[in-house]
Amino acid sequence: GHLSPLEVFAKLRSVFKVLHQHLLDTPLGPCEGEEGEETDPRPVLAEVLGNVVWKKMSDCLICDCLVHSIPSNSSQLAQYKEVIKATEDFEKALKDMKFLPEDSMDLLTYARNVNCHFANKKCQDVIVAARNLMTSEIHNTVKVTPDSLLTLPSLPASGAGDQSKLPKEPELLCKQVANLENKTRLSRQTFSFPTCRISNSVQRLMALAYQTLQEASASTDQCCIQLFYLVRNIFHLFCDVVPMYHKEHLQKLPQLAAIHHNNCMYIAHHLLTLGHQFRSQLSDGTATFVDLVPGFRKLGTKCFLAQMRVQKEELLERLFTSRNFSNLDDEDNYFVANRAVRQVLHQLKRLGKIWQDVLPVNIYCRAMGTLLNTALVEIISRVIALEDISAENADRLHALCKTVVDEG
Numbered sequence: 015g016h017l018s019p020l021e022v023f024a025k026l027r028s029v030f031k032v033l034h035q036h037l038l039d040t041p042l043g044p045c046e047g048e049e050g051e052e053t054d055p056r057p058v059l060a061e062v063l064g065n066v067v068w069k070k071m072s073d074c075l076i077c078d079c080l081v082h083s084i085p086s087n088s089s090q091l092a093q094y095k096e097v098i099k100a101t102e103d104f105e106k107a108l109k110d111m112k113f114l115p116e117d118s119m120d121l122l123t124y125a126r127n128v129n130c131h132f133a134n135k136k137c138q139d140v141i142v143a144a145r146n147l148m149t150s151e152i153h154n155t156v157k158v159t160p161d162s163l164l165t166l167p168s169l170p171a172s173g174a175g176d177q178s179k180l181p182k183e184p185e186l187l188c189k190q191v192a193n194l195e196n197k198t199r200l201s202r203q204t205f206s207f208p209t210c211r212i213s214n215s216v217q218r219l220m221a222l223a224y225q226t227l228q229e230a231s232a233s234t235d236q237c238c239i240q241l242f243y244l245v246r247n248i249f250h251l252f253c254d255v256v257p258m259y260h261k262e263h264l265q266k267l268p269q270l271a272a273i274h275h276n277n278c279m280y281i282a283h284h285l286l287t288l289g290h291q292f293r294s295q296l297s298d299g300t301a302t303f304v305d306l307v308p309g310f311r312k313l314g315t316k317c318f319l320a321q322m323r324v325q326k327e328e329l330l331e332r333l334f335t336s337r338n339f340s341n342l343d344d345e346d347n348y349f350v351a352n353r354a355v356r357q358v359l360h361q362l363k364r365l366g367k368i369w370q371d372v373l374p375v376n377i378y379c380r381a382m383g384t385l386l387n388t389a390l391v392e393i394i395s396r397v398i399a400l401e402d403i404s405a406e407n408a409d410r411l412h413a414l415c416k417t418v419v420d421e422g
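Numbering (the numbering used here), first residue to last: 15 to 422.
Everything labelled a hint here was simulated from the structure, so no lab data went into it. Among the hints, a few may not be true.
As the list claims (entries may be wrong) - List time: in silico BS3-like cross-link candidates among lysine-lysine, alpha-carbon distance up to 27 angstroms:
no.	residue 1	residue 2
1	Lys316	Lys157
2	Lys95	Lys106
3	Lys312	Lys367
4	Lys95	Lys135
5	Lys157	Lys109
6	Lys261	Lys316
7	Lys135	Lys31
8	Lys157	Lys70
9	Lys157	Lys367
10	Lys157	Lys69
11	Lys25	Lys99
12	Lys363	Lys326
13	Lys157	Lys25
14	Lys312	Lys261
15	Lys31	Lys157
16	Lys95	Lys25
17	Lys106	Lys25
18	Lys112	Lys95
19	Lys266	Lys367
20	Lys326	Lys316
21	Lys106	Lys157
22	Lys109	Lys69
23	Lys363	Lys266
24	Lys367	Lys326
25	Lys266	Lys135
26	Lys367	Lys316
27	Lys70	Lys112
28	Lys106	Lys31
29	Lys99	Lys135
30	Lys326	Lys416
Construct all of the structure, not just a fragment, from the sequences and the given hints.
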């Protein structure tokens with residue numbers, strides 16, 4: 015670990031004190047060849063040494079000491095006053111020893127600008143953490159339900175602070191308005207996110223966004239703005255990094271495509287209200303993330319529809335080997351057609367097992383219904399296209415169709 019600035023400054027002051035007593039307080043003699051009486055006092059050795067080494071020394075103290083003392087969260091900012099005081103005392107001690115000129119404030123300026131450094135450090139730490147989450151495995155999932163709650167910061171009650179400005183309605187009018195309410199009430203889960211599976215990393219990413227906004231609400235105005243845009247940049251980064259980093263897996267693995275779809279919809283769901291939840295705490299109350307919602311919905315939908323097209327092509331390719339269901343009285347033709355149908359059913363069953371526990375129920379039903387319909391339409395169109403169907407062919411076609419109905 016790194017020593018605290020208080021320890022470093024205390025040890026340096028001890029060293030400089032000894033040097034000053036025995037060496038640095040020595041006035042420099044006249045240069046060789048100088049004549050005449052001295053009108054100005056000669057500089058002491060400390061002044062000359064300070065002019066030579068202080069620039070590098072101050073840079074070293076900032077980069078190797080003060081940088082590491084910048085707080086990691088806003089709750090520690092108040093304690094940083096101790097570091098600022100120690101820095102001020104250290105510079106004053108060096109000025110008293112004439113090691114520094116009176117107008118030198120390199121260390122103190124850096125220490126006093128702690129809010130800016132805190133914001134920069136926070137931005138860097140959060141971006142690194144966010145990118146690590148985005149590049150982690152998608153298939154590590156957690157199940158979310160309408161009752162699942164992301165840990166949220168304490169938020170003010172709706173309209174808090176503005177109650178005095180609202181006109182107080184007569185009690186009678188309130189009762190009349192209450193009587194006009196529609197008796198049909200919406201379910202408490204109407205606007206809830208449906209039951210499905212999302213990546214554990216995405217759930218942690220949203221928690222990181224909430225935590226950063228909570229830090230922003232407790233920071234200075236400038237720091238608050240910087241952290242707000244940091245959170246927006248996290249979501250922009252997600253749209254750029256995840257589709258490219260996981261591109262191959264999203265194209266080849268239907269389970270990951272479904273999870274990525276859910277991830278995008280989960281983020282979009284939170285973005286709808288994220289700015290609203292912090293509107294009273296963030297500067298100007300103009301913070302919003304709603305404009306990012308369509309992009310995330312499009313990102314998730316695009317990925318899943320691409321996977322649907324892949325699955326459709328595989329279904330049609332399998333049925334293409336069925337030899338158009340013609341001449342099924344020939345054992346070889348019947349074997350090929352029966353194999354094609356069973357391969358289609360096997361693919362649909364496999365997708366059903368993969369997606370059933372992952373996708374929301376409505377999306378799952380629509381996806382599986384669409385793929386089954388694609389297979390049925392292809393089978394029916396090939397049967398209808400047959401010009402002549404013998405009795406034996408009809409029996410075997412019926413057997414194939416019955417297999418689809420029974421097992422599909």
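Task: Unmet hints by their number, sorted upward, for this structure - done: Of the numbered hints given earlier, those the structure breaks are 5, 7, 8, 10, 13, 15, 21, 25, listed in rising order.
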